[in-house]
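Asker: Each chain, written out:
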Amino acid sequence: MRDVAIIGVGETEFGELWDRSFRDLGIEAGLKAIQDAKLRSEDIDAVYIGNMSAGKFIDQEHVSALVADYAGLADMHLPTVRVEGGGACGAIALLQARLAIASGMHDIVVVGGAEKMTDVGEVQAAEILSSTADQEWETVFGATFAGLYAMMARRHMYEYGTTREQMAAVAVKNHKNGALNPEAQFQKEITIEMVLQAPWVAEPLGLFDCAPLSDGAAAVVLCEMQKARKFTDTPIRIAGSGQASDFLALHDRRDLTMMDATVVAGKRAFQEARLEPKDVQVAEVHDNFTISEILAIEDLRFVEKGKGGPATADGLTALNGKISVNTSGGLKARGQPVGATGVAQAVEIVRQLRGQGGKRQVVGARRGLTHTLGGTGATAVVHIFERGD
Amino acid sequence: MKAGIVSYGGYIPRYRIRPKDIGVVWGADGEAMGRGLNIRAKSVPGPDEDVITISVEAARACMAKVDIDPTEIGAIYVGSESHPYAVKPSATIVAEAIGSAPVLTAADYEFACKAGTAAIQTTMGLTLSKMMKYGLAIGSDTSQGAPGDALEYSASAGGAALLIGTDRAVADISHTVSFTTDTPDFWRREGQRYPSHGGRFTGEPAYFKHVVNCAQLLFKRAGTTAEDYDYAVFHQPNGKFPVRVAKQLGFKEAQMDAGLCVRDIGNTYSGAIMVGLCAILDEAEAGDRIFAVGYGSGAGSDGFDLTVTDEITKIRRDASPSIKDMIADQVFVDYATYAKYRGKILMREA
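Top line first, the protein sequences correspond to chains A and B.
Quick note: to get this note's numbering, add 143 to the position in the first sequence (first position is 1).
Quick note: to get this note's numbering, add 56 to the position in the second sequence (first position is 1).
This is chain B alone, in the form it adopts within the complex (with noise of 0.2 Å):
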């Protein structure tokens, strides 16, 4: 018996701003910028829009896909690292929203950029042991870059949620691995604004050797290589990490291309590599394989290995939004605008 996916959907803000107009505001090439980090644009949530309403976009475009009872939901887990709240979960909203309350159990995760792809985890788990028929795992955030740092030019938002179980699932996840260290690449502390980050030791010592880690553990368990793939995808930070961590694991460009979406969004930490499988999934056919490796600061990344199945053709894969058509509804704002949608102009108190 193998645990999979039984839906899925994803959820990006219309919102937009260009490299170029951060950068004005900050008196850098904006544009080189960009170019450096392989971002045209990065999503911005709207004045209404937080991880809580991004998931429960993502969560009903998923259980659109298909006819199951949101009450054999058994499991919610939202992995973000912008919840709205430092204590109150995001995940019993989540469930409520799409009348999975009250007979669930939901809990909030965080590990950076990694929190949604270790819910996949748990509730493959959960459901495997036969405890609940489905878990919902979601990956969503409205991330954080601090005005006039480097981040401020990919950290964006969005989010992904993943039906997982093990009958009828759309795509069977054969493996699943893990590597965790500790590394402090990237955090945030109680109370804090902004993340900080400890600029180039975010690359080498961080994203790459955990993410080619990972992956190697997942070709060695899987008994494959690249060529074997139909699709890969990787966390998503910017254009470049990504896409070099794929050329140095034997990928090539064709198999990366459906899956870059932070290219057009920017990075939606957890959810940049789920809105990818969903990307995937938007257009896969039954037989493809997916090779999946996400990573979170601190350190770790998770591995899956997919296989889609003949169920692919069965869920309305048109009932919700695909990526492709989010990425397309865009509208662009200036600085002005973006500024005043993520709360970072004082207005007078109420």
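Next up, chain A with everything else stripped away, as it sits in the complex (with noise of 0.2 Å):
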């Protein structure tokens, strides 16, 4: 397999964007990502977009060539992939483009995520989430997304002792952060004490243990290893990249307080970069509800089984911590456009690791990784990052 690199990336803003559509959004992460590689359109091979569901937030499906057309690329006639994957499907896009560079079948993919929540309602918008539970034998039965991660939530509180208050503190970090990103949907910090006021969505998950609705967009370019250089001084490898998949629903899994698709993504990410949780200093992992970041914490080993919840109260995944987790502001305050989550996340950790985090930036960071879920853990992905120079 050849060496592949990120040369590129892009974002735009996250939240509730309704003055810009989804080839809006598209089209501004793409671009941002071209100018930051310094590439010409004639450059790229391929594009590869994660979208988890265009068809059902705005009737829009043939998002693939959609994107490229209005990138201004269609008379280029390059192929153009939509991966589907539910919250993962960003990430599987950049693992796939990885492996197209990787065989010699093309030497420079640009890889888009990106997703318009906010055309629907939020009633509709949650329905459609909850399509990547089993919906003959979880939805059917009035399971919401929500109420199958508070039963995972709940069943950690009673193995583990977790807290409602360390679920707290993953949001309370993650608003932190997001303060210092200004893409993030909620610049604002959070306390405690707002976390647990707030209304329940699904008992003990309230308002503020749950990501947002977002419109959002985020592009990478990735390239292979030695042409990498020509474009720059700091291409960051993938050294690593693992996906795993579990049972669809979440009644039929070994263990309701561990992903075992995480846990095996992990292993095989890790296993391919030939390194360990301790060699990582920056980790963006899928905290689409606050319990979600604890078992993620916990799943790819950099904290013990169980201590998920007083590790980040005790500030371990803390800007600069032990391991600084979610630096962007995770999905909780960066914002959850799903299809731009995996590759969001890697935009993130690619200017970590240049140095480029700005207020947020993590010392001396220079191995980094991805964590993105689908459904409920049904589908994991982890990539791991490190510079290249």
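Simulated from the structure, these hints should not be mistaken for lab results.
No experiment lies behind these values; they were computed from the predicted model shown.
Here a beta-carbon is modelled for each residue, glycine too, at the ideal position from N, C-alpha and C.
Beyond 12 Å from chain B on every Cβ pair, some chain A residues (computed): (1) I271; (2) T375; (3) K421.
As a list, the in silico DSBU-like pairs of lysine-lysine whose alpha-carbon atoms are at most 30 Å apart: (4) K265/B with K331/A; (5) K331/A with K303/B; (6) K303/B with K319/A; (7) K450/A with K331/A; (8) K308/B with K331/A; (9) K331/A with K296/B; (10) K319/A with K296/B; (11) K199/A with K265/B; (12) K303/B with K276/B.
Make the complex out of the two chains shown on their own, each in a separate frame, by following the hints.
Answerer: Here is the structure:
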């Protein structure tokens, strides 16, 4: 396999962007990434797009060709691929693009992720999100996405003594980081009390335990490593990638308090990279709910199983803590345009490893990790990045 | 020559319900909801009240203040989004009730919450062009909020009537401007009982964008700033939006207080800004300047620059109850009574 590096990144602001369309957002992110990489359009070999559900959110399928078209690339007749994998689609698109370059088929691929979620009402949006769970065995019986994650939270509280305050600490930390990110949806700090006093969404998860509905897009440019050095002095190498799946429905899983897909994807990525969790200084993990981040840092072995809550409350995952988790603000504060998530996480890690983290820069960051979930954990993708200079 | 308000009158149903009592039914913290919306109570129409009775009450209150023959009214327009009939005008019943029929034109208007201010502008044109001596512009609603929806805490009932003409106006309308776009923030389709809304989309890209743009156009047209006015009144879907928009435009709390009725009666939709304007006219003195910008979802804003004249001392302001009196005259009901009055209880068919 050929080595692959990221040579350009770009993203839009995230939020309720009522005056911006899906194509506006996709184009902005893509152009920023291409400009960042100092590419010419004729250098591009293919376009990969992560998108969860444009068909339901904006009644538009075939977004792969659409994005290339509106980026002005239509007459180059590039191969364009749209990847779907629930919330993990952006991370899978990144993995597939990496493979396309590693195989020798392409040299330079633009990977985008985008979602436009606010053209439908909130109830409809929540239903669309829930469609990544099992429609026949979960949602048909009334389970909502938040409800399923609430069950994981309950069990984690029961098994390990995790408290609502510890879960709240995830939201507080991520809002604190988001306040340092000019592209984040919520750039406002919150307190533990605010999280605890917020109305229930699905007990024990309150409003501030849940990531928002968002519009936004992100893009990265992938390039074969030798060629990458012609474009940049700091290519960010993809050192390892792992993807894993699990039972679609939560009730079929081995353990409610551990996502096996995350465990396996993490092992595969670390194995390929020949690294250990302690070698990573910064991680973007899938905090669609506060409990998800606690599960993720445990299942990726950044902390011992069951200790994710206290570790967060003690500041181990804070900016420049033992490991800095979700420096962008995460899904919670940066926002959650589903298709963009996996790609936006990579954008943040690249910025951190380049030393472009601004006020939220992790000191001495040389290796970073992204972790992205589909559904309630039926898909997990982990990428490990390192500076290639 | 200027058109202006020759007389005015408002009507607010007596019944009230508190946000707390609505929240109890839906397992929500109604008190917190009320605080967030800056609403202490909302008015509830009685079982025999609708947009027509409210409009008639307001029109009668308006005509009681002046000695004008109702047959001199050449047009009556009733703006509302809760006309009792889908086909058959409310305005004709009002015309008959106040003795203006039959030699006049009448129609019902709809533009969400600004249908009444659209009627003001129409009657200004008709009277300025000398097609008629007076026109009656009414904004009135018994607004609908779906049970359990956030709107239920604010959607209330009330209305106001403004007699528009070019002669003996108590307040001259020196300037009016509008700002209109196609913005679907709130709607109700034919046959639907309750409206839909875009949640937070009703704020920034809808209410604030239109009110602020309209207000700035009005400042420019009138060559004024916020400091030039004694009173300011805005469409008041809740007690939060108008206060925020006023601050943004440079108005002080003292300029806002008289017209901010929403805190005690909720959102009377087409009636909201017009009831606020009536409350201001109840206490205004000659020479006072009033800045008024309405808003209707869908969406648009109508703005008015008004100056109170000496005529305000010549009409019988106390011939009908003031808005303040009507706000104070309140009977609180519980949710069950409210549900009955609003026709939410399925009854045996006759």
